[in-house]
Amino acid sequence: MTNFTSALNDKILHFLYSNVAFQQLEEAQQYAFIERFGLDKKFQEIVEVALSMQESIQEVEATMPKILERDRLFLKTEQHELLKANMVVKGNVYHVPFAKKQTNFSPFIVCVQCSQSMKQYETYYKGLLLPLFNLCARQQRDLIIIPFNDQQHEPILYTHGQFTLDSFDLLFSMQQKGEATIVPAIEQALALLAGDEIQHVPEVMFVTDNQFTDFEAVIQADYETAFLDVDAEVSVIAMSEIDFEIQPIPFANKVFYVGE
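Basically our numbering = 1-based index in the sequence shown + 20.
I should point out that these hints are in silico values taken from the structure, not numbers from a laboratory.
Note that the Cβ used here is the ideal one computed from N, Cα and C, for glycine as well.
A couple of the hints might just be wrong.
Taking lysine-lysine and the DSS-like style, the derived pairs with C-alpha atoms no more than 27 Å apart in a straight line are [what the hints assert, rightly or not]:
(1) Lys139 x Lys62
(2) Lys31 x Lys139
(3) Lys274 x Lys61
(4) Lys139 x Lys197
For each label pair, taking beta carbons as the anchor points, the in silico distance ranges come out as [claimed, not checked]:
(5) Leu248 x Glu65: 34 to 40 Å
(6) Glu236 x Ala214: 20 to 26 Å
(7) Asp249 x Gln140: 21 to 27 Å
(8) Asp60 x Gln219: 37 to 43 Å
(9) Pro270 x His220: 23 to 29 Å
(10) Ile266 x Ser72: 23 to 29 Å
(11) Glu174 x Gln43: 27 to 33 Å
(12) Tyr37 x Gln240: 47 to 53 Å
(13) Gln195 x Leu248: 30 to 36 Å
(14) Ser72 x Tyr51: 24 to 30 Å
Produce the entire structure from the sequences given, and follow the hints as far as they go.
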């Protein structure tokens, strides 16, 4: 791998080889990952964002299960199939037997807005999501990403924060299109947590620009009680403080604003 990696930016290599999720890939998979993404300009920009918050991430690890401080905070094949294979549906409740996977933590669920309005933030929000793989791999904790726009998407499961080339590509290649409805993502997150047998420090994060077409439905529903019932800590990474004030997420415990 030496000849190929010599062409890569040192920062990219440092980020990858200091990432637990990447370290746990077999050597051939590491090589394939670097070959697929390493020289991609967009990937390099995403890693630059992730590196800019590395110090904050290290501080956060010392105080986990909290997320990140206000100024900075980062998203199917095999994992997707695993989620589908283990999911049991009872009415509108989705049950996934997380407790079978030797972990002391409930899943970390990230609802990521992928509407057209998020296109301008693509590099930034994907850079924000990258370190979460490392955090979840260190904690042996499942990372579940729920994309949302004006269509309902199936959750993407990264067991214990681990990824394959194909499952990482789902995140890297995520397209921003359409408008945003957040209620389906909220309901998906709650349904997954309703089936969580571990019930230890469940985390839900929303990455959004707060431009929803179903905001009235959000404020009319009692989601605060619903998240309290599953004992979940809810964080929001908002692209704009102004837009958040116009259309807030009232049940959030913590809000972080990009660029502050």
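Evaluated hints:
Between the alpha carbons of Lys139 and Lys62 the distance comes to roughly 13 Å, so the proposed pair stays at or under 27 Å and holds. Between Lys31 and Lys139, the direct Cα distance comes to roughly 25 Å. Compliance with the 27 Å bound is thereby established for this hinted pair. The suggested pairing of Lys274 with Lys61 is violated, with an alpha-carbon distance near 33 Å, which exceeds 27 Å. For the proposed pair Lys139 and Lys197, the alpha carbon gap of about 8 Å is at most 27 Å, so the pair holds.
With their beta carbons about 38 Å apart, Leu248 and Glu65 fall inside the hinted range of 34 to 40 Å. At about 24 Å, the CB distance of Glu236 to Ala214 agrees with the hint of 20 to 26 Å. Between Asp249 and Gln140 the beta carbons are some 36 Å apart, a value that contradicts the proposed interval 21 to 27 Å. Evaluation of the 37 to 43 Å hint for Asp60 and Gln219 yields a pass: the beta carbon distance comes to about 39 Å.
Checking the proposed 23 to 29 Å range against Pro270 and His220 shows it holds: the Cβ atoms sit about 25 Å from each other. Between Ile266 and Ser72, the C-beta spacing of about 28 Å keeps the proposed range 23 to 29 Å intact. Distance hint for Glu174 and Gln43: a CB-CB separation of about 28 Å, consistent with the stated range 27 to 33 Å. Checked against the hint of 47 to 53 Å, the pair Tyr37 and Gln240 passes, with Cβ atoms roughly 48 Å apart.
In this structure the supplied range 30 to 36 Å holds for Gln195 paired with Leu248, their Cβ-Cβ distance being about 34 Å. A hinted range of 24 to 30 Å for the beta carbons of Ser72 and Tyr51 is consistent with their spacing of about 27 Å.
This entry does not satisfy hints 3 and 7, going by the numbered hints stated previously.
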